[in-house]
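There are 2 protein chains.
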Amino acid sequence: MIGEIIAIGDELISGRTENTTSPFAARHLFAAGHEIYAMHTIGDNPPLIGEVLKRALKRVDFVVVTGGLGSTTDDLTNEAVAEALDREPTLYPEVLKRIREHLDASQQASNLEKMAWLPQGAEILNEKAKMAGYLLVHNKVPIFFLPGVPYQMRELLLEHVLPRLAGWSGNHHRVRQRIYKTFGLPESVINQRLLALERRDSVHIGYYPVNCEVHVSLTVLEKNSQAAEEKFSAADLVIRDVLGDALYGTDQDTLASVVGELLLAKGKMLCVAESCTGGMIGKRITEVAGSSTWFAGGVIAYSNHLKEILLDIDRDLLKNYGAVSEQVAIAMAARLSERTNSDISVSVTGIAGPGGGSDEKPVGTVYIGIFSNNRVTARLHHFSGDRARIRETTTCTALDTVRRILLAD
Amino acid sequence: MIGEIIAIGDELISGRTENTTSPFAARHLFAAGHEIYAMHTIGDNPPLIGEVLKRALKRVDFVVVTGGLGSTTDDLTNEAVAEALDREPTLYPEVLKRIREHLDASQQASNLEKMAWLPQGAEILNEKAKMAGYLLVHNKVPIFFLPGVPYQMRELLLEHVLPRLAGWSGNHHRVRQRIYKTFGLPESVINQRLLALERRDSVHIGYYPVNCEVHVSLTVLEKNSQAAEEKFSAADLVIRDVLGDALYGTDQDTLASVVGELLLAKGKMLCVAESCTGGMIGKRITEVAGSSTWFAGGVIAYSNHLKEILLDIDRDLLKNYGAVSEQVAIAMAARLSERTNSDISVSVTGIAGPGGGSDEKPVGTVYIGIFSNNRVTARLHHFSGDRARIRETTTCTALDTVRRILLAD
Chain B
51 MIGEIIAIGD ELISGRTENT TSPFAARHLF AAGHEIYAMH TIGDNPPLIG EVLKRALKRV
111 DFVVVTGGLG STTDDLTNEA VAEALDREPT LYPEVLKRIR EHLDASQQAS NLEKMAWLPQ
171 GAEILNEKAK MAGYLLVHNK VPIFFLPGVP YQMRELLLEH VLPRLAGWSG NHHRVRQRIY
231 KTFGLPESVI NQRLLALERR DSVHIGYYPV NCEVHVSLTV LEKNSQAAEE KFSAADLVIR
291 DVLGDALYGT DQDTLASVVG ELLLAKGKML CVAESCTGGM IGKRITEVAG SSTWFAGGVI
351 AYSNHLKEIL LDIDRDLLKN YGAVSEQVAI AMAARLSERT NSDISVSVTG IAGPGGGSDE
411 KPVGTVYIGI FSNNRVTARL HHFSGDRARI RETTTCTALD TVRRILLAD
Chain V
51 MIGEIIAIGD ELISGRTENT TSPFAARHLF AAGHEIYAMH TIGDNPPLIG EVLKRALKRV
111 DFVVVTGGLG STTDDLTNEA VAEALDREPT LYPEVLKRIR EHLDASQQAS NLEKMAWLPQ
171 GAEILNEKAK MAGYLLVHNK VPIFFLPGVP YQMRELLLEH VLPRLAGWSG NHHRVRQRIY
231 KTFGLPESVI NQRLLALERR DSVHIGYYPV NCEVHVSLTV LEKNSQAAEE KFSAADLVIR
291 DVLGDALYGT DQDTLASVVG ELLLAKGKML CVAESCTGGM IGKRITEVAG SSTWFAGGVI
351 AYSNHLKEIL LDIDRDLLKN YGAVSEQVAI AMAARLSERT NSDISVSVTG IAGPGGGSDE
411 KPVGTVYIGI FSNNRVTARL HHFSGDRARI RETTTCTALD TVRRILLAD
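Keeping their order, the protein sequence lines are chains B and V. Last residue of the first sequence: number 459 in the working numbering, and the count goes up by one each step with no gaps. Last residue of the second sequence: number 459 in the working numbering, and the count goes up by one each step with no gaps.
No lab work stands behind these hints: they were computed from the structure. Among the hints, a few may not be true.
So these bits of chain V aren't anywhere near chain B, every CB distance computed over 12 Å [claimed, not checked]:
#	residue
1	A88
2	A166
3	Q170
4	F233
5	S275
6	V288
7	E376
Restricting the straight-line Cα-Cα distance to at most 27 Å, the calculated cross-link-like pairs of lysine-lysine (DSSO-like) are [claimed, not checked]:
#	chain 1	residue 1	chain 2	residue 2
8	V	K108	V	K190
9	V	K411	B	K178
10	B	K108	V	K108
11	V	K104	B	K104
12	V	K369	B	K318
13	B	K104	V	K108
14	B	K164	B	K178
15	V	K147	V	K164
16	V	K318	V	K108
17	V	K104	V	K164
18	B	K411	B	K369
19	V	K273	V	K190
20	V	K104	V	K190
21	V	K104	B	K108
22	B	K178	B	K147
23	B	K190	B	K108
24	V	K318	B	K369
25	B	K190	B	K273
Positions of the beta carbon are idealized from the N, C-alpha and C atoms, including for glycine.
Based on the provided sequences and hints, a complete structural model is requested.
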């Protein structure tokens, strides 16, 4: 089915808050075989809410609306929808009761009854949840209204919207999709290598730079299930061949999760010694649930003093070569593995900026050290961009360095 | 002026990539006194690009379009605009020359000439940049076309779009705006306390939950500059009074940057001992440029082994009370300050899930320890949500704990 997503909230159009709910909905709807025609972000503006919703109802098969269902005075979605679709605002006593049950003392005073007045015909998506979310079917088109709070919206979308849409109507295209995640090849090179594949029937290729990575999507749309499978397999082979070892994983994989799988398979433990990244590598790794089976932790050696105290780096080494040097990167990785007895240690030391650069070592100068199999090496990198980008690139490159050493093992 | 933002790219409507350029543009346009009517995200779909652009041209004073200007085959914005606005695609030899100058060897083969074919009448925004970006004035309405790559788009927006819009026409409302950032009060309580303020003329209040924080925006729109100033000052006083010590900062402040200012003022150094956050607190702190003057680093003590090795935590303590305990949180903070000689250490140990919970210590159980002025304490928290949310809440609470102990000092 083809749908539109409408996100509502003044905080979104003033750029105060990044809209994470629409991409989340798009990703999961797309993976479930639906197609998104357009996504709109508008303010808590009743006439515009009505206009955008009515236009969407004319051209797509379903609509997902998020935001503006809360209890504060700037939440206006329910009123706007009641007005636009001519559906009397109606008090849902069950909803009100549930909201009151979930209150904590601090909220007693506020105007929560507002959240229980819904457009007539609203069907509550989850009878047990505090924050309702509802379905309204208008001229046979389902409209799902979800809260704008990301974790509430995610839960309702996955557990209530997707199952209902799946059962809505049959007989659509068979969609096969895969995302190929790469690190180390420029987008234009990948595009050039995949041009021939793009010309094949029913095959769609997309190119998406995501921070320092490039993701490639393969989508095959076919009426016939067997034809979809065959075209998909053939294209998959070509893509894997073209991407080579820049391809680190697919779909839900992250650089950190792939590193984890390799470590787990080899029964090895990893440690990190971070200077300019200040904990980003550890953060990225521990986002992976279960990472404690292959990641021990490490040291955030941001100051020279902590490099000395926690990693036994010689003061003379720091003085003679500087904290940002091959020698110090090597010592950081080697000493950490010695101290912790971990199989692999990766270290980073660099100048993320905006200050701290010099002619000899400009902003973006980063050494990444790695200890593995009782050998330790370090490599010099020159990264570009602002502080955030240099730290991000350093983090990805450190994880990729671990991945490559495990692959070569 | 009132504008719309249109972001183009299949990667955005499939949810593969989060659209960060539109919120960035909205935030900076808003701060410059403009208002965003709507933001749209659509695929690389020429008829839809034309339709959405033409509708925007009818109802607003300016349009910002991002994405689809690149060299890959799925970049279709220029063709779509040429067609929709009836402007012959025209080769810009200067643009082509500049693109070729910026090439690296790996890109020689690809079809870069494509990027130099622009709709007739296009005016290049930055003659020196590799990635052009251009302005097209259509029926007196300026349309800015910017690349979708975030850092290129940001630069062009700040250095070329905002200045041109500022000079476009005069005589608008005087806008005064401030964002108040809070941690620890529910959104509904803040809303309740500010209801009276909302009713004042020309005063607009917005409420935005951002992860575990609530941000409140105050916007005053007045024709008269002095009236704007007076209303703004009066509202500012009320808001600061209502928010009390939950208010940690304004505008560009972050919890980490505010902690840094307090440490700097007192000449103190901070260290972190992180278990379940795995480096997130250090990451958040070191996002602040110049943080090396008040942050030394610390330990990612993810495994029990590293808690023993790097922080000298007694094996018996870990065995008797468990790693997630008041005793261990206290020992982590105290030992880290002892070892590193830092004035303040904050420690976290908890169960972020999805696994690892028990009846006694369910997922979300987190202890936060703090050493300061030679006293050490720890507090038990019960956080809810998924792994990502528990880690995020733990990180904010740890930073806020440091902030409050510095304020009480």
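Taking only the CA atoms, is the gap from B/K411 to B/K369 under or equal to 27 Å? holds, 15 Å
Cβ separation check - V/A166 to all of chain B, threshold 12 Å: Nearest chain B Cβ is 15 Å from V/A166, so the label holds.
Given as non-interface: V/E376, partner chain B, CB spacing beyond 12 Å: It holds; V/E376 is separated from chain B by about 21 Å at its closest Cβ, greater than 12 Å.
Holds or violated: V/K104 with V/K164, Cα cutoff 27 Å? holds, 24 Å
Given the proposed pairing of V/K318 with V/K108, does the C-alpha separation stay at or below 27 Å? Given pair V/K318, V/K108 is violated - Cα atoms ~57 Å apart, limit 27 Å.
Given the hinted pair V/K318 and B/K369, is their Cα-Cα distance within 27 Å? Holds, because 24 Å separates the two Cα atoms, which is no more than 27 Å.
Hint check: B/K178 vs B/K147, CA-CA at most 27 Å. Holds or violated? Between B/K178 and B/K147 the Cα gap is close to 11 Å, so the pair holds against 27 Å.
Do the alpha carbons of B/K164 and B/K178 lie within 27 Å of each other, as the hint requires? This hinted pair holds, its Cα atoms lying about 18 Å apart.
Taken at face value, is the distance from the CA of B/K273 to the CA of B/K190 at most 27 Å? holds, 24 Å
Mind checking the alpha carbons of B/K190 and B/K108 for me, to see if they're no more than 27 Å apart? Roughly 11 Å between the alpha carbons, so the hint for B/K190 and B/K108 holds.
27 Å limit on alpha-carbon distance, applied to hinted pair V/K147 and V/K164: holds, 12 Å
Taking 12 Å as the cut and beta carbons as the points, is V/A88 off the interface with chain B? violated, 5 Å
Violated hints for the displayed structure, listed by number in ascending order: 1 and 16.
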